[in-house]
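My request is simple: use the sequences and hints to build the entire structure.
Quick mapping for you: the protein sequence lines, in order, are chains A and B.
The numbers in our numbering rise by one with no breaks, and the one at position 73 of the first sequence is 496.
The numbers in our numbering rise by one with no breaks, and the one at position 2 of the second sequence is 183.
Everything labelled a hint here was simulated from the structure, so no lab data went into it.
Built from N, CA and C at the ideal position, the CB exists for glycine as well.
The reader is advised that the hints may include incorrect statements.
[Stated by the list, open to error] Quick list of the computed label-pair ranges, beta carbon to beta carbon:
(1) A:S492 <-> B:L248: 38 to 44 Å
(2) A:S505 <-> B:G209: 17 to 23 Å
(3) B:T195 <-> A:K465: 23 to 29 Å
(4) A:E438 <-> B:R203: 36 to 42 Å
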Amino acid sequence: QKEVEQNSGPLSVPEGAIASLNCTYSDRVSQSFFWYRQYSGKSPELIMSIYSNGDKEDGRFTAQLNKASQYVSLLIRDSQPSDSATYLCAVNDNFNKFYFGSGTKLNVKP
Amino acid sequence: ETGVTQSPTHLIKTRGQQVTLRCSSQSGHNTVSWYQQALGQGPQFIFQYYREEENGRGNFPPRFSGLQFPNYSSELNVNALELDDSALYLCASSDRGPGTEAFFGQGTRLTVV
Numbered sequence: 424q425k426e427v428e429q430n431s432g433p434l435s436v437p438e439g440a441i442a443s444l445n446c447t448y449s450d451r452v453s454q455s456f457f458w459y460r461q462y463s464g465k466s467p468e469l470i471m472s473i474y475s476n477g478d479k480e481d482g483r484f485t486a487q488l489n490k491a492s493q494y495v496s497l498l499i500r501d502s503q504p505s506d507s508a509t510y511l512c513a514v515n516d517n518f519n520k521f522y523f524g525s526g527t528k529l530n531v532k533p
Numbered sequence: 182e183t184g185v186t187q188s189p190t191h192l193i194k195t196r197g198q199q200v201t202l203r204c205s206s207q208s209g210h211n212t213v214s215w216y217q218q219a220l221g222q223g224p225q226f227i228f229q230y231y232r233e234e235e236n237g238r239g240n241f242p243p244r245f246s247g248l249q250f251p252n253y254s255s256e257l258n259v260n261a262l263e264l265d266d267s268a269l270y271l272c273a274s275s276d277r278g279p280g281t282e283a284f285f286g287q288g289t290r291l292t293v294v
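Okay, structure coming up:
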């Protein structure tokens, strides 16, 4: 059974701080990796995709991928109260199957 | 606005009944995936369709089936509903093919009583 593991949180950070969200996955041949944000009662919203090792930046968000360590992370700089949500890590394997973690709940305190 | 629309938004069915959920994607979105999300859990992959063919399936029984149509709409059918099928059902579509960024619809909340 392929696994995507996330700390459920809640992760609490003060406004303006950096929030660091982590995800590990079990399938070594996973090819593509995604971070989604989900507000309570809403559907997931795509934040970032990353396909190769290293960092990818988009505005206040940076995704980091280390395939050797089977680890992907999301950094949120200058965290805002509106960033308070559950962050879902998703992994796609070679067989077109997607696996989601259970999500990390982020609270940004004003 | 993702351009992915699901219907209905809420639905109540009785155990043993059948249900059809619908998803309408933007033109060119040739890949659609369906997910089941229980409360407090991440989405669970049901299956994916690419150019109207099933292209990957998760660990769901055969009573979960689907179709994708040439007009970029799709549907999820669930037969012999069980109480544990109560969940948020999500579809996600992409115009870049399997394994790429996908955008979710707003979901259908199914309650089985």
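request  = Go ahead and decide if the range 38 to 44 Å is satisfied by the Cβ distance of S492 (chain A) to L248 (chain B).
outcome  = 40 Å, holds
Notebook entry, point to check: Is the distance from the Cβ of T195 (chain B) to the Cβ of K465 (chain A) consistent with 23 to 29 Å?
Noted result: 27 Å, holds
Notebook entry, point to check: How does the Cβ-Cβ distance of S505 (chain A) and G209 (chain B) compare with 17 to 23 Å: does it lie in that range?
Noted result: 31 Å, violated
| request: Could you check the hint for me, namely that E438 (chain A) and R203 (chain B) are 36 to 42 Å apart, CB to CB? | output: 41 Å, holds
Violated hints amount to a single one, hint 2; each of the other numbered hints is respected by the structure.
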